[in-house]
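Peer 1: Each chain, written out:
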Amino acid sequence: MDTNIVEVINVTREVAWLPWAVQYFFLIGLSVGGVLLSLPGYAFAREEWRATGRVALLVALTCGLAAPVALLSDLHQPGRFWHFYVVFRPTSWMWWGSLIIPFYVAGLLVYAWTCLREELREHGAVDSRLAPLYRLAAAGGGRNDALIRAAGLVALAGAAAVVLYTGAEVAVVRARPLWNTPFLPVQFALTALAGAAGLVLILNRFAGADRAVEVRVNRVLAATLAAVMAVGGLWLALGLSGIEPTHAEALGSVVGSEAWRVTAVWAVAATAVPFAIALARPSGTGLLTGLIAVHSAWMFRWTVFIGGQSVPKTGAGFYEYALPAGPDGLLGIAGTAGLWLFLLLVITAIVPTPRRPASGPVRAAPAAGRAVAAAE
Amino acid sequence: MDRSRRNFCLGAGAAAVGAAALAAPPADAAAARKGGDPANRWAMVVDVRKCVGCQACTVACIMENAVPANSFRTIVSTYEVTEGGRAGTAMLPRLCNHCEDAPCLPVCPTGATFQRRDGIVVVDNTVCVGCGYCVQACPYDARFINHETRTADKCTFCVHRVDAGLLPACVETCVGGARIFGDLNDPGSTVSRLVRTQAPKVLKPGQGTDPRVFYIGLDPNLEGKVEGTPTLWRPSARPHAHAPAAKEHA
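Read top to bottom, the protein sequences are chains A and B. Under this note's numbering, the first residue of the first sequence is numbered 1, with each subsequent residue one higher. Under this note's numbering, the first residue of the second sequence is numbered 1001, with each subsequent residue one higher.
Keep in mind that the hints are not guaranteed to be accurate.
A few chain B residues that don't get close to chain A, going by computed Cβ distances all over 10 Å [what the hints assert, rightly or not]: (1) A1024; (2) V1059; (3) I1062; (4) R1094; (5) R1117; (6) V1122; (7) V1175; (8) Q1198; (9) P1200.
Per label pair, the in silico range of CB-to-CB distance [to be verified]: (10) A:A209 / B:N1070: 50 to 58 Å; (11) A:T246 / B:G1085: 30 to 38 Å; (12) B:A1030 / A:G329: 36 to 44 Å; (13) B:G1085 / A:G338: 53 to 61 Å.
Since the hints were made in silico from the structure, they are not lab data. No experiment lies behind these values; they were computed from the predicted model shown. Beta carbons are placed, not taken as given, at the ideal position from N, Cα and C, and that holds for glycine.
Based on the sequences and whatever the hints tell you, model everything.
Peer 2: Below is the structure:
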């Protein structure tokens, strides 16, 4: 029997996870991806990966330091963050996250220090008023591959924990079929790696445009995007076939929406286009593929979080969402991006990205000129 | 014992006998409960056949609990249902279901959300950090972030009134007597009798949450996420964004 229902009165629920959450998941994902891309060159001392690792380390550091600020801002009572640390709540993935984030960030800082120690020592060897500070920061040592490897493995453990908790935190929400899929943690991880590769390509373009790095990372990007498309295709196949009810319900909740269809086409294009470019012409296209890949990683998270929360759990149709201009919206997004840029400037001012492999001699440069050199 | 609004007497002679066919809470969930009297298990039965959609309950809840503008702990969702050429209006009062296996509880990272031993799910808004995880986990869209307290908010069965021996405000004000509140642990209570004899339904039974808000006369089309044409008017903080085309945002 044909049934037609018109919803006359119902409530609109606003998003509870704000654009701050999108920024957090984006930045922490890129940071984890940066750690992964830095490991071959540093922790496993593969010299051909060293220059790539240096840029990836910058991605890991800048994004990893900015991400917790965005997460804290997503709490509606940020001053109460310490409440996480006075209880034992192992049933909550978010509680586990409150332990994992400090572990990851601390591990990342130690790992970055071991990686950059060699450069710090070299800066300390030149005639500069800051030389004593660099020598102090280097703690009297230089490159120590065993220490880098140990710290790298700790950072890797932290990164794995971040991937696990960020994915599980969202995927366990049974109330949202779009989130409640084991594919989501995998998709978060893969798109994070693609986004990190994209940011490496962008930074590489502005810090020397090393062709070898560009080709290498474009290949990583192509392989990652291929995996992203494969996993996305599997999710879609499960939803269309109806084999698994949750996936069918998830697809069914958005398939009738014109906006979601446009978003899907956009997402496919933002994955397939950089994949094709990176595969066909890995050299000379890094800026383009990088920008699209970063955009794609951010957009995936925006669609999952903001788009996902616009699907009512009980009501008909979709909830409205309009991006506020203030801290809970555009200003928050811009502010987080500004924080990331600030961190990039500070870190590249202190340890400018070498134009040659990190193991080579480092030219002394005035402090004021370093940031410019890094930003060129 | 009658738990209707005309004859409500709390805590007197409540027998610790569970209503038939109602599952007990998971052992770990039961152990984590605190506060309230375990002799009671508060519940609500909503007879949607008696609801006239007047929204008196919605207003009473707002006044009783100082719910901020554009937020709702309860609302009567109203639908026009056309079936077999016949059109009718269907009411569905929505509120927190105070589930026996509430998915909002385990996700809370601070323990601010907890269940009392009488089954009422509450939020300690002096502990809540406003992370919104419980809002995501609730399958009924019953929770929201209160813009004034900046913490999670929801129906509490008017716990302050219940503790004082009064009915929840929505029950007290219901003109049609559609909302019936009482103790499931008391086999003589009206809610126990209705649950035993009327085979009431719950919302989204597939979620396995074991709600303690029951519905008599519930249209099966409204049991889960309603598939239909979106509302023409919704209370919203952004009244300007009402064009139908603007309702879809991915």
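Peer 1: Taking the hints in turn, state whether each one holds.
Peer 2: Verification of the supplied hints:
1. A1024: holds (19 Å)
2. V1059: holds (13 Å)
3. I1062: holds (12 Å)
4. R1094: violated (7 Å)
5. R1117: holds (19 Å)
6. V1122: Consistent with the label, V1122 (chain B) stays out of reach of chain A, its closest Cβ about 16 Å off (over 10 Å).
7. V1175: holds (17 Å)
8. Q1198: holds (22 Å)
9. P1200: holds (18 Å)
10. A:A209 / B:N1070: 50 to 58 Å: Hint holds: Cβ distance 52 Å, inside 50 to 58 Å.
11. A:T246 / B:G1085: 30 to 38 Å: holds (35 Å)
12. B:A1030 / A:G329: 36 to 44 Å: The hint (36 to 44 Å, Cβ to Cβ) holds, given that A1030 (chain B) and G329 (chain A) are roughly 42 Å apart.
13. B:G1085 / A:G338: 53 to 61 Å: Hint holds: Cβ distance 60 Å, inside 53 to 61 Å.
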